[in-house]
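Chemist: These are the residues of each chain, in order.
There are 2 protein chains.
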Amino acid sequence: MPKDHIVHAFDMELSNLEKLIVEMGGRVEMQLDKAINGLLNYDVETAKEVIADDKIIDRLELEVATKATEIFATRQPMADDLRSIVAALKISSNLERMGDYAKNISKRTITLSQIPLVSITGKSVRRMGDLVSHMMRDVLDAYVARDADKALDVIVQDHEVDQLHTSLFREILTYMMEDARNITACTHLLFIAKNVERIGDHTTNIGEQVYYIKTGNIPEEERDTADKATSVIVEKSD
Amino acid sequence: MPKDHIVHAFDMELSNLEKLIVEMGGRVEMQLDKAINGLLNYDVETAKEVIADDKIIDRLELEVATKATEIFATRQPMADDLRSIVAALKISSNLERMGDYAKNISKRTITLSQIPLVSITGKSVRRMGDLVSHMMRDVLDAYVARDADKALDVIVQDHEVDQLHTSLFREILTYMMEDARNITACTHLLFIAKNVERIGDHTTNIGEQVYYIKTGNIPEEERDTADKATSVIVEKSD
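So the protein lines, in turn, are chains A and B. For the first sequence, this note's numbering assigns the number 18 to the initial residue and increments by one for each residue that follows. For the second sequence, this note's numbering assigns the number 18 to the initial residue and increments by one for each residue that follows.
It cannot be assumed that every hint is accurate.
Given that identical chains are not distinguished, each listed pair holds provided it fits within a single copy or across any two copies.
Pairs of lysine to aspartate or glutamate, EDC-like flavour, derived with a Cα cap of 20 Å [stated by the list, open to error]:
| hint | residue 1 | residue 2 |
| --- | --- | --- |
| 1 | Lys231 | Glu80 |
| 2 | Lys107 | Glu87 |
| 3 | Lys36 | Asp164 |
| 4 | Lys72 | Glu237 |
| 5 | Lys231 | Glu87 |
| 6 | Lys245 | Glu66 |
| 7 | Lys253 | Asp166 |
| 8 | Lys51 | Glu87 |
| 9 | Lys107 | Asp75 |
| 10 | Lys253 | Asp155 |
| 11 | Lys51 | Glu66 |
| 12 | Lys84 | Asp97 |
| 13 | Lys231 | Glu35 |
| 14 | Lys231 | Asp170 |
| 15 | Lys84 | Glu40 |
| 16 | Lys107 | Glu35 |
| 17 | Lys65 | Asp75 |
| 18 | Lys36 | Asp97 |
| 19 | Lys51 | Asp170 |
Calculated directly from the structure, the hints in this document are not laboratory data.
Based on the sequences and whatever the hints tell you, model everything.
Modeler: Structure follows, in structure tokens:
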């Protein structure tokens with residue numbers, strides 16, 4: 018009976034840690050969504066909310082680290098349990114960074130609200146944001162279900178985000194060349210697009226951790242190939 | 018005697034984990050140095066080496082995670098020991114990201130080697146790189162010595178990196194406005210400068226972890242304030 022009790026309490030602790038990750042993930046997803054809406058509507062109030070609410074995500078990361086450390090200290094987690102706790106630490110670090118990227122989008126939104134901007138890129142940013150939100154929902158589902166296949170599928174989805182990012186990068190460079198008055202605004206847009214792309218990368222990292230929890234291995238597939246923005250050259254046509 | 022033996026073996030494991038972190042840190046420092054040298058000399062061979070060697074850093078991160086997980090599973094680390102192991106996991110994640118940023122600098126170096134580039138920004142990039150290398154050496158020293166004050170000092174040093182980044186950002190925007198033919202090259206330079214700035218941020222994160230190992234707390238000081246690049250507006254003067 019006392020042993021059962023201990024096992025039960027341990028399960029509760031693991032389940033609480035998982036709930037914390039899911040809460041954190043849900044909040045980060047909301048932050049991304051608000052950051053993109055704020056950007057597309059030049060909505061400074063929403064942008065300010067995103068910036069302020071990033072603190073909540075930072076606190077949740079600390080809470081995950083504290084809870085995980087307590088479990089290490091008081092239980093002797095083995096095998097699957099041990100892997101889930103180590104993965105929870107890694108996942109929360111990724112989510113914290115994703116929150117930072119959403120905050121960065123909102124900081125730049127405030128800057129963009131003060132300068133005229135070409136509007137045509139809005140649709141591509143929205144599309145990237147929607148794809149990444151979709152990946153985030155899938156990876157959280159995969160995490161809760163411990164579904165390694167679904168986790169791998171998230172990694173594959175990131176290729177499309179990378180491709181969109183590369184073409185958006187090229188598109189924005191073209192606007193800058195067309196009219197030098199676009200340069201400041203477009204530069205911030207370039208970094209915003211990069212932020213969304215990075216959120217996709219971190220979602221992929223979480224997918225890898227879910228795969229690791231389930232299988233004990235990190236997926237072998239070569240990463241980081243579909244984003245060709247680092248090699249884009251656009252020549253000015255005069 | 019057998020108990021002594023166990024304690025001794027545990028100390029050895031912790032010490033090996035620490036050595037692995039120091040090795041990883043040294044390699045990342047070397048990667049940053051090579052990436053910056055490669056950039057300033059348009060040295061494509063060096064850039065390719067940096068890109069290829071990033072795999073070594075990725076492997077080291079996995080090795081840290083495996084070793085840490087083994088220690089959790091076979092020992093019951095408490096208090097300071099527990100904190101060092103959790104911190105080792107976080108530090109290795111940061112180092113792995115820093116390696117990715119160095120790789121990204123080198124990818125963009127290969128692109129830049131194909132297009133004409135204004136040379137005047139080289140000095141500022143070098144200066145940022147030197148500052149960040151200095152921070153990295155300090156934070157690894159602080160880690161080995163478990164020196165919380167030195168760790169805090171690294172966090173303070175990052176302000177200067179942020180300020181340099183903001184002024185470099187502004188400088189590069191000006192070049193883009195002066196001549197649209199500079200736009201592609203300057204955009205890649207903007208991202209390179211941002212990469213160096215981000216390596217500084219991650220070095221700061223490591224400083225926070227060193228502080229945490231020593232004190233059990235994360236330093237309270239407000240972060241992320243000196244980099245004002247997100248709010249830079251440069252108007253084209255015609």
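Chemist: The structure should be examined with respect to each hint, and the outcome stated for every one.
Modeler: Status of the hints after comparison with the structure:
1. Lys231 <-> Glu80: So Lys231 and Glu80 pass the 20 Å test across copies only (19 Å; inside, 24 Å).
2. Lys107 <-> Glu87: both (16 Å within a copy, 16 Å between copies)
3. Lys36 <-> Asp164: For Lys36 and Asp164, only the intra-copy Cα distance (17 Å) is at most 20 Å; the inter-copy one is 35 Å.
4. Lys72 <-> Glu237: Only across copies: Lys72 and Glu237 sit 12 Å apart there, 35 Å inside one copy, limit 20 Å.
5. Lys231 <-> Glu87: between (23 Å within a copy, 17 Å between copies)
6. Lys245 <-> Glu66: Close across copies (19 Å), not inside one copy (33 Å); limit 20 Å.
7. Lys253 <-> Asp166: This pair counts as neither: shortest intra-copy Cα distance 45 Å, inter-copy 51 Å.
8. Lys51 <-> Glu87: neither (34 Å within a copy, 41 Å between copies)
9. Lys107 <-> Asp75: both (14 Å within a copy, 15 Å between copies)
10. Lys253 <-> Asp155: neither (41 Å within a copy, 44 Å between copies)
11. Lys51 <-> Glu66: For Lys51 and Glu66, only the intra-copy Cα distance (9 Å) is at most 20 Å; the inter-copy one is 41 Å.
12. Lys84 <-> Asp97: both (17 Å within a copy, 16 Å between copies)
13. Lys231 <-> Glu35: The answer is within: 14 Å in one copy meets 20 Å, while 28 Å across copies does not.
14. Lys231 <-> Asp170: within (15 Å within a copy, 41 Å between copies)
15. Lys84 <-> Glu40: Within one copy, since 14 Å is at most 20 Å while 29 Å is not.
16. Lys107 <-> Glu35: both (13 Å within a copy, 19 Å between copies)
17. Lys65 <-> Asp75: within (16 Å within a copy, 36 Å between copies)
18. Lys36 <-> Asp97: within (17 Å within a copy, 27 Å between copies)
19. Lys51 <-> Asp170: Neither: 25 Å inside a copy, 36 Å across copies.
Of the hints listed earlier, those the structure fails to meet are numbers 7, 8, 10, 19, in rising order.
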